[in-house]
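Enquirer: Please build the complete structure, drawing on both the sequences and the hints.
Going down the list, the sequences are from chains A and B. Read in our numbering, the first sequence has 110 at position 94, and its numbers run on one by one without any break. Read in our numbering, the second sequence has 1286 at position 32, and its numbers run on one by one without any break.
Think of the hints as simulated: they come from the structure by calculation, not from any bench. Note that this is a predicted model, so its numbers are computed, not measured. Keep in mind that the hints are not guaranteed to be accurate.
[To be verified] Chain B stretches covered by chain A per the calculated footprint, using a threshold of three residues with CB under 8 Å from any CB of chain A:
1. 1373-1387
2. 1431-1441
[What the hints assert, rightly or not] Label pairs and their calculated CB-CB ranges:
3. B:R1516 / A:S77: 52 to 58 Å
4. B:C1371 / A:S143: 22 to 28 Å
5. A:S110 / B:G1553: 55 to 61 Å
6. B:R1645 / A:H98: 32 to 38 Å
7. A:E33 / B:G1640: 56 to 62 Å
8. B:N1380 / A:H98: 18 to 24 Å
[As the list claims (entries may be wrong)] Every beta carbon over 12 Å from chain A, so not counted as near; a handful from chain B, in silico:
9. G1320
10. A1347
11. D1362
12. F1403
13. C1408
14. V1418
15. A1446
16. G1505
17. M1513
18. G1533
19. I1558
20. S1572
21. F1593
22. I1600
23. R1643
24. N1699
Using N, Cα and C, we set each Cβ at its ideal position, and we do this for glycine too.
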Amino acid sequence: MTVTAHGLSVAAPARWEVRIQRRATVAREERTFAVLHAATFSLPERRDDFGGGVTNLMRSSDAFVTLFEYGPDAVGTPLFAHHGIPRVNAKLFSTNRLQRPLPGQLGCQLFFTHAGRAFCLYVVAGSRASLPRIVGEANAFLDNLEIQ
Amino acid sequence: VKSLEARVVGAVSERLGRRRPFSRRSFIVRSAVVGSALAVNPFRYIFKPGTAYAAACGPAADCGSGWTAMCCSINQGLNTCPPGSVAAGWWKADNSGFCGTGPRYYIDCNSTCSCGCGPSGICAPNCWSCNCRCNTGSCDQRRVCCNEFRYGQCNLHLACVGPVVCRVVTCVPPWQFDSSCTTRSATSNATAQHNAPCLQESGSRVYAFGAAHDYGEPRGHLRKPVVGMDSTASGNGYWIVASDGGVFSYGDARFRGSMGGRRLNKPIVDLASTPGGKGYWLVASDGGIFSFGDARFRGSTGSIRLNKPIVGMAATPSGKGYWLVATDGGIFAFGDAKFYGSTGSIRLKQPIVGMARTPTGKGYWLVAADGGVFSFGDAKFRGSLGNVRLRAPVTAIAPTPTGKGYWMLAQDGAVFSFGDARFFGALTGKGSTSGRPIDMAAKPNGAGYWITTDA
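Expert: Written as structure tokens, this is what we have:
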């Protein structure tokens, strides 16, 4: 099944659930852009952008992906200097590279620009034992991702 | 009808007050901690053994929780990024209850680092400026310098930073709290109830030094940060102004009106009172002037396209004019205020952050964020910090009554005195403060001064 919204499109691999949303703003100057969540398990309705309320539900075999878009002012800055949708590998993952480290989990975070839009890719793996398979699945997911 | 929690807060606070004499601030802090404990975890606090502080840290306060400690817990009580760290991103929690009905904001302070990194935005551990540890000393025993994560909306010019050192918590939007942060919000409601005892004092605060007395401060969480203050002519009171134009008067300072609740094109950046103290002006960053009481409008730059925003103002001794100063040191004089020079054509290392006039009104000083001082007219140069490595940028300048000296305030609460300005104390090492020291005002007789924090 292909999920498309806010200029993002992805053909969800088998056993993956994908949601794309853009939050409403509260403050006058506040801005939001697209946030994509994908997981190998059922995503809860209430999800924090970088996995709060989600990663605590993961099993050791699960994977969770966030694609978080920044505004146009981020494009061209040193933090977003890398171009193209990145791919992950096992060396990028660490138990501390998480928004909230939880026992057994590993994470990795990559900032990049693609199609004139700035993003952060954040991937959480449920365990080191499952990491090789999760890396492969995450990259297959990224192969299917289109950013317009 | 009061809620159970409100009634318990009142009863416990009253009991605290009866037990033994506290200072006003100590009493407020203790009451606030109890109140916060009740708000965060009322039934645990009421029915379980333990202290208010144990409940005041909210859920997941131990090191194993994976979350990062609050900055005020590790930074001498200051709710700011500690030295060696920078704001690297932020998020908000909706409906936390700590900021009224508005969101509560969290800014991650990540360590600086001395090496490069790939697209992760986080450099390798061997070049971090800190080491991973668990915090101690309060119930906020969360992690310090451990989580290699970056929210990514602040200091985007830094390709690489280290791990998260601590979290700044505020009701003020991060892009107003730290100008390096963008307005792109992220949400993490899971952190809504995270807390620390040192955060209970949040809300703009006023600290009095020397013969200056503490006449009060804006209580609770302001919707917008405090940006300026000014003393009354007697020195027995002061006004405080927030960026939304809200004015708060204390001691013999009379409230003459405000812009609070009215739509502004640009935020208010400073306040200046008239010589008699029966009025004041507010100035916005576009140079728009709002006058109250006996303060007369003498002109503004509100309709002029400025090269740089206005950051401060000073009134003439007669009260029939005023100067506005922009971050590039451009001076705009109105009424009987005369132009004595500016740094508008000089390439400054750091922006101008404030100005002060001499007693005669025939000169003025401009101060830059690096502590550089520029004197014009009959203002004499009495020293500067231009060649000193500061822990935090300078944010304000206040003159002595003789015009033979001045004080400078830095954002870490340090006070620097020059000429005949006497040092009466500073906020550095003072312990629990909230927000950033943002402005200072001297007593008209020079025997003391006040410092206000922004939020």
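Enquirer: Now look at each hint and say whether the structure bears it out.
Expert: How the hints compare with the structure:
no.: 1; hint: 1373-1387; verdict: holds (count 5)
no.: 2; hint: 1431-1441; verdict: holds (count 6)
no.: 3; hint: B:R1516 / A:S77: 52 to 58 Å; verdict: 57 Å, holds
no.: 4; hint: B:C1371 / A:S143: 22 to 28 Å; verdict: 26 Å, holds
no.: 5; hint: A:S110 / B:G1553: 55 to 61 Å; verdict: 59 Å, holds
no.: 6; hint: B:R1645 / A:H98: 32 to 38 Å; verdict: 33 Å, holds
no.: 7; hint: A:E33 / B:G1640: 56 to 62 Å; verdict: 58 Å, holds
no.: 8; hint: B:N1380 / A:H98: 18 to 24 Å; verdict: 22 Å, holds
no.: 9; hint: G1320; verdict: 4 Å, violated
no.: 10; hint: A1347; verdict: 9 Å, violated
no.: 11; hint: D1362; verdict: 10 Å, violated
no.: 12; hint: F1403; verdict: 5 Å, violated
no.: 13; hint: C1408; verdict: 10 Å, violated
no.: 14; hint: V1418; verdict: 9 Å, violated
no.: 15; hint: A1446; verdict: 10 Å, violated
no.: 16; hint: G1505; verdict: 33 Å, holds
no.: 17; hint: M1513; verdict: 16 Å, holds
no.: 18; hint: G1533; verdict: 30 Å, holds
no.: 19; hint: I1558; verdict: 23 Å, holds
no.: 20; hint: S1572; verdict: 39 Å, holds
no.: 21; hint: F1593; verdict: 34 Å, holds
no.: 22; hint: I1600; verdict: 28 Å, holds
no.: 23; hint: R1643; verdict: 24 Å, holds
no.: 24; hint: N1699; verdict: 42 Å, holds
Of the hints listed earlier, those the structure fails to meet are numbers 9, 10, 11, 12, 13, 14 and 15, in rising order.
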